[in-house]
Amino acid sequence: MVDQLPNLGREREMLEAMGMSSMEDLFANIPQEICRLDPLPLPPPQSEEEIWADAQRLLGTNVTLDDRPSFLSAGLARNFVPSMVGMLATRGEFLTSYTPYQPEVSQGMLQAMWEFQTMISELVGLPVANVSMYDASTAAAEAITCAVRVNNKKAEQRDVVYVSQFVPPHRLSVIRNYTHGAGIELRVLEHGWDGHIDLESAASAAGCCAVYVEQPSSFGILDAGLTELKAIVGGQTALIVGVDVVSLGIVEPPGNWGADIVVGEGQPFGIGPTGGGPIYGVFACSERYLRQMPGRIVGQSWDTDGKLAFTLTLSTREQHIRRHKATSNICSNETLIALMGAIHMALLGPEGLERLALRVAASTEATKLALTAIDGIELADPEARNFREFALLLPGQAADALKHLDEAGVLGGFDLGLWWDGMSKCLLVGTDERTSQDDIDALANGLASWVGEVQP
Amino acid sequence: MSDLFSFNGAEGAGWSQPEPILEEGVARSTVPRALVRDRLPGWPRASEPELVRHYTWLSNRNFGIDTGFYPLGSCTMKHNPRLNERIVQLPGIDRIHPLQPDHQIQGLLTIFYEMQEMLATCAGMDAVTLQPVAGAQGEFAAIRCIQEFHRANGEGHRDKVIVPDSAHGTNPASASMCGYDVIEIPSADDGRLDLDALRAAVGQDTAAMMITNPSTLGLFEIEISEATRIVHDSGGQMYYDGANFNAIIGKTDPGRMGFDAVHYNLHKTFSQPHGGGGPGSGPIGVKDHLARFLPSPIASRRARADDDPEGVGDGYWYYWRDVGESSIGKVQQWHGNAGAVVRAWAFYRRYGRDLERMSEHAVLNSNYLRHVIMNPDPKTAKAIHAMPAEGAPADLVMHEFTLSLSPLKELNGVTGRDVAKRLLDYGYMAPTLYFPQIVPECLMVEPTETESKEVLDRFAADFHAILSEDPETVTTAPHTTTVKRVDEVWAARNLVLRHPGHSPDSD
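The listed protein sequences derive, respectively, from chains F and Z. Position 10 (the first sequence) corresponds to 10 in the numbering used here; numbering is contiguous. Position 340 (the second sequence) corresponds to 340 in the numbering used here; numbering is contiguous.
Among the hints, erroneous ones may be present.
To be verified - Below 20 angstroms or equal to it, Euclidean Cα-Cα: the simulated SDA-like pairs (lysine to any residue) are:
#, chain 1, residue 1, chain 2, residue 2
1, Z, Lys379, F, Ala17
2, F, Lys307, Z, Thr480
3, Z, Lys453, F, Ser22
4, Z, Lys160, Z, Ala197
5, F, Lys325, F, Arg291
6, Z, Lys287, Z, Ser234
7, F, Lys403, F, Pro69
8, F, Lys230, Z, Lys453
9, Z, Lys453, F, Gly9
10, F, Lys307, Z, Met1
11, F, Lys403, Z, Thr480
12, Z, Lys484, F, Arg291
Calculated directly from the structure, the hints in this document are not laboratory data.
One chain only, chain F, in its complex shape (with noise of 0.2 angstroms):
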């Protein structure tokens, strides 16, 4: 028996108020001719208890990033959450409202994500957040498109884009599924044998739209060649910067040597990888794109009786609205993980977000010098200072050693060659806040084991 129904039991009195005698009347109007006649082809009901149960028990065969030495990261982060964002978070009145369309009901959720705007706009150097995207992808995506639409009139290169060669695949596909359909061509901004952006060829972008390129890149290179991009490319093309966001507590904003839109995974900050999702993009933004943003945004105001209120503001640009003209499809988006991601960050301060960042750094320092002790392996850019990731060429197959490492109890990594041709020796190895050196000695011993075996 179902128990979510309080009606249950009590139809014929509603049904003889209407003057029904079956719940069948209710669907007379379903044409006969596509009336589903049985019952659906599914199990019964099940209790609380029950589903409970089952949860439990499929979910526990999962084996978790905590359950051994993990160094998969590859844009999530296997962080450490604060108790109270999510017990604070999923409080009834934030988890099962909906868009503040009714300001004078909805002040907490307005106030959070104006918060919200305030503490990205700090973070990342620029004066205009949104209230979240999908994910670190969709923003990027949205963020080409966004800035098409105000450079595209006045470029010198009119539709064209470019993207850094090493953009990971899985983003690369939902930016061409992004830009498709408003005719924007895709082209690629090198990068250099030492995995750094090739600052010469950069100038072959110059006039256009936008360039998209990720600091630290998807190798976890941090790359100081990025500040003088905004010179070579021009204030009529957009800057847009992928950002790790723990990162920015020790890594200069990218709003301060030029970005003229950041984006990246808000993840990090409020929730565990949670299989994929649900995440949160991080979307921010100079005034001049302040209008073809895509998303919700809070403002300040007054109510009737002069008191502070925040409310929705320049819904204009949203499809509700403005339906085929709208800066973007977004409807629902990631509000409740954005609100989790706020208290995080109010929770950590300033001094915290740097104490993070710099615990992330001395992770994967100590990583990078113990696995490059082992003979046989290097940095694949032995040049480069990383944050999070890096990638190791190995004597053999990366799948080969991630398969070794996954007998020994260790998630050793990422195989770089399921994203490109030609790197399936190539490890990309991701560390966090919480790699111990037993995790990393677990890693360190596992790989020396399989070098000892592919290397006699």
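Please arrange chain Z on chain F, whose structure you already have, making use of the hints.
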């Protein structure tokens, strides 16, 4: 007022963390000199006790389903069972990386597979992907599949998508993002689809029609089968916007109506909490001819072989299957909102084959509430200044209905917005306002199946009371909320979009 940026930054502020595993100076030196951050962000310096109070204070200034009746049409604001929130705290979903190998995530893949199958069954579709993370993203992904389908058939010249004028704004926006021209066709006088207008709109250039059934007026499109024939005869594809799927599960399905593609809103029909605007989940289902264009990957299974690692014990081996070369690729970077899928799975398990009862009660509640509102007893009726008109005249509605407050506005100037704001004073969330745009002074009401008869009766009585009130009281509402009517024009003109005390430029 509690101001996040005013906390004083006492020594105990912030949150204690372990030391970095290398000396701080070494960690700092990993950043290239030109990239060193020299000024930390202007974030608050607050302690946990202060922040718990701040966010509790904020939550007290917010209205959710837990607070009261939330009849927001089109959004299906039903109760969110708390078990589902408990389940997603399990490490088997919270601490899972989407790139983990299949043998480490058999349980999650099993849930994905079960959900794909269930959604396909309920909608009469052949294949489902759970990747899109919102209804609008589902629309976008499905229209992209249809676009590639036409191209593969040498019909890439089809460049028009037809939508009724009552469609959700996301429909035209999604079609437009795919590069299509949007043709809006007017509804017939009874609010339903106008087949003559449709016949006039279709042609060699028709790529697809996007439509929701029941419509945003809450009406079942009786002539839907003929509509799909007209579009198919022109060579176009039929797309079903699943926003109103809560009305029909077990009674009919988009497959029977002739649709080729559909999106589901797991945050509406399957109760993923709306969270102040998101997250959502917008899986799509398609018929066989569109399956090879779906986003990759999709959860699949085969009989478990002897040398397979241990699975979940049901005799199958689950794996991510790549859709192949013809796939449109990805719309979200991973596999969708897995956490929302798990919640929806727990919700579905609660109903099983009785999902049909869910739809029955949603439609029962909607018709009942409409009936009680439209038929006040004589004493009440006498006090009412002007009764609302039905948004669309009909004997029956489905899960939602529309009311036009035009008669009241004509009589004494009280608008739909005024009545909506006054409802806030009575402790209700306002219905959806001024949508669909074809109904003047429209309130769109969707009670959902999780409201009791008592709540519906009380809402109707309070609604009647508002219609009887002195106009001045209504036009100046709300009076009892945390803030009074907010000046949205000031907000748009002045654009104060962040805390003024902190600016990235003020060192």
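Okay, the hints, checked on the actual structure:
Restraint check for Lys379/Z and Ala17/F: satisfied, since their Cα atoms lie roughly 18 angstroms apart, inside the 20 angstroms limit. With a C-alpha separation of about 14 angstroms, the suggested pairing of Lys307/F with Thr480/Z holds against the 20 angstroms cut-off. For the suggested pair Lys453/Z and Ser22/F, the alpha carbons sit about 17 angstroms apart, so the restraint of at most 20 angstroms is met. Distance restraint check for Lys160/Z and Ala197/Z: the Cα-Cα separation of roughly 15 angstroms lies within the 20 angstroms cut-off, and the hinted pair is therefore satisfied.
A hinted pair counts as satisfied when its Cα atoms are at most 20 angstroms apart, and Lys325/F with Arg291/F qualifies at roughly 13 angstroms. As the CA atoms of Lys287/Z and Ser234/Z are separated by approximately 18 angstroms, the hinted pair is consistent with the 20 angstroms bound. Taken as a hint, the Lys403/F and Pro69/F pair is honoured in the structure, with Cα atoms around 14 angstroms apart against an allowance of 20 angstroms. Restraint check for Lys230/F and Lys453/Z: not satisfied, since their Cα atoms lie roughly 63 angstroms apart, outside the 20 angstroms limit.
Taking the CA atoms of Lys453/Z and Gly9/F, the gap is near 11 angstroms; set against the 20 angstroms cutoff, the hint holds. Of the pairs offered as hints, the one joining Lys307/F and Met1/Z holds, with about 10 angstroms between alpha carbons and a cut-off of 20 angstroms not exceeded. The straight-line distance between the Cα atoms of Lys403/F and Thr480/Z is roughly 63 angstroms, outside the 20 angstroms bound, and the hint therefore fails. With a C-alpha separation of about 28 angstroms, the suggested pairing of Lys484/Z with Arg291/F is violated against the 20 angstroms cut-off.
The earlier numbered hints that this structure contradicts are 8, 11, 12.
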